[in-house]
Amino acid sequence: MKTPTIRLTVNAEAREWSIAPGDLLLDVLRRQGYFGAKRGCERGECGACTVLVDGKAINSCLMFAAQADGREVLTIEGLARAGELDPLQAAFLDHGAVQCGYCTPGMILAAKALLDKNPNPSEAEVREAMTGNYCRCTGYVKPVEAVLAAARRSSGAVEKTVGRLVRLPHLKAMRRKR
Amino acid sequence: MFDQVEAFYRPRTIRQAVRLLHEGGKRARIVAGGTDVIVEADPSIRTLVDITQLGLSYIRKVGNSWTIGATTTMAELEDSAAIRGLAGGILAKAAAACGSVQMRNMATLGGNLANGSPAADTAPPLLALEASVVLEGARGRRTLPLAEFFSAPGRTALGKELLVEIVAPTPARGGRRGWAFLKFGRTESDISVVSVAAGLQLDARGACKAARIAMGAVAPTPLGMPGAEAILTGAQLTAERMAQACERVARDVSPIDDVRAPAEYRREVARVLAGRALRECAQQAGVTL
Numbered sequence: 000m001k002t003p004t005i006r007l008t009v010n011a012e013a014r015e016w017s018i019a020p021g022d023l024l025l026d027v028l029r030r031q032g033y034f035g036a037k038r039g040c041e042r043g044e045c046g047a048c049t050v051l052v053d054g055k056a057i058n059s060c061l062m063f064a065a066q067a068d069g070r071e072v073l074t075i076e077g078l079a080r081a082g083e084l085d086p087l088q089a090a091f092l093d094h095g096a097v098q099c100g101y102c103t104p105g106m107i108l109a110a111k112a113l114l115d116k117n118p119n120p121s122e123a124e125v126r127e128a129m130t131g132n133y134c135r136c137t138g139y140v141k142p143v144e145a146v147l148a149a150a151r152r153s154s155g156a157v158e159k160t161v162g163r164l165v166r167l168p169h170l171k172a173m174r175r176k177r
Numbered sequence: 000m001f002d003q004v005e006a007f008y009r010p011r012t013i014r015q016a017v018r019l020l021h022e023g024g025k026r027a028r029i030v031a032g033g034t035d036v037i038v039e040a041d042p043s044i045r046t047l048v049d050i051t052q053l054g055l056s057y058i059r060k061v062g063n064s065w066t067i068g069a070t071t072t073m074a075e076l077e078d079s080a081a082i083r084g085l086a087g088g089i090l091a092k093a094a095a096a097c098g099s100v101q102m103r104n105m106a107t108l109g110g111n112l113a114n115g116s117p118a119a120d121t122a123p124p125l126l127a128l129e130a131s132v133v134l135e136g137a138r139g140r141r142t143l144p145l146a147e148f149f150s151a152p153g154r155t156a157l158g159k160e161l162l163v164e165i166v167a168p169t170p171a172r173g174g175r176r177g178w179a180f181l182k183f184g185r186t187e188s189d190i191s192v193v194s195v196a197a198g199l200q201l202d203a204r205g206a207c208k209a210a211r212i213a214m215g216a217v218a219p220t221p222l223g224m225p226g227a228e229a230i231l232t233g234a235q236l237t238a239e240r241m242a243q244a245c246e247r248v249a250r251d252v253s254p255i256d257d258v259r260a261p262a263e264y265r266r267e268v269a270r271v272l273a274g275r276a277l278r279e280c281a282q283q284a285g286v287t288l
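From first to last, the protein sequence lines are chains A and B. Following numbering that gives the first Met the number 0, the numbering of the first sequence begins with 0 at its first residue and continues without gaps. Following numbering that gives the first Met the number 0, the numbering of the second sequence begins with 0 at its first residue and continues without gaps.
Worth flagging that the hints you see were computed from the coordinates, not collected in a lab. Heads up, some of the hints might be wrong.
What the hints assert, rightly or not - Keeping only pairs whose Cα atoms sit at most 30 Å apart, straight-line, the calculated DSS-like set for lysine-lysine is: (1) B:60 with A:55; (2) B:60 with B:208; (3) B:60 with A:116; (4) A:116 with A:55.
Kindly generate the complete structure, drawing on both the sequences and the hints.
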């Protein structure tokens, strides 16, 4: 039952890859051109290699590629839709939360996993969710602000939608703007 | 990093997994969450046997016990209402203390125990709960108290066997009880310098009917503290008694010097942390000291 071939979904596209038995998911992703998954500490401490597998944030340096067979992987390359940045990506830019950028894909994906589960996190919850993502340039204040702003923006929109359900024209205008 | 690995197996049954483990001999390694196996990067590994497809991710009530499959992740434990409700949630708290979110989404309960680390955070709560482990090999299953599972740093009672599940008896409800899990490390997600799980049961007059104390990172294995428990059991719960029990804890631990802390510091932290845990238990049981 060797697994020389894995079939998986990467950024909503079906993929079939030949791998070596000892390949790590990070190695295979980078070999296949997903350079948003960064090679950092290679021992699960820095979080630069973070990707989502079945919606959960994991360190791709600590998962054998063979274990990704049959699963859904999301890398930073799959986050923007039709050229439109994800609200988290936009918030990282707006808040100056990117310096060298090496930790950014991992931070944004860790934050996405959090917001998918908990759309209105407290600052403490954001910090807890990003404990596994190191920044060696500046720090964490701007990224945390960015995540909280993205959460406010998304959940604010939901509140408005709920509050103004009867005023459909307004909603349509909002959608067009986005 | 694992260029020398010749085969990666994903068996569907425990029997297959055990057979693959036998066939691979010394060069075969079990992998589940990967957070230890990959970091250790043992160059002698030729065969990897992935046990995540065996259906061992579950949390079930069986009779009067909670049975937890070996590949249940730390994230699943901390999110489980059942585990959060078991003994003041000490096992859920310990699982939530095992590194970052990314780590906890991968790391498994079985791996945390089978790795044999003296600092395994889930070990003290499971020792305090008097849990057992179920091991399966070619000759069938055996059940072992967790206290007999650990033998030395990185060594356990596992032969060519799989750790299949962990069984934690449900402590009786009602009465005056308290439970606590505390961990002391350099940062919140770092490995423990000292960890402790404690439980107290008091009678109506405030005398201690039962006491459980177990500690991590203070000896070659995670360790119960029967000496300190005996000092508390049967006695009126007073600040003096608890201080005596903590002195006994400090005497009974045998920590080492390492990069994180010197032995004497660990001994002192063990005394202080055990005291904090016992006070937390006492408070929950309605005793103010």
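Discussion item. If you test the structure against every hint from before, which numbers come out violated?
Written reply: The structure breaks none of the hints.
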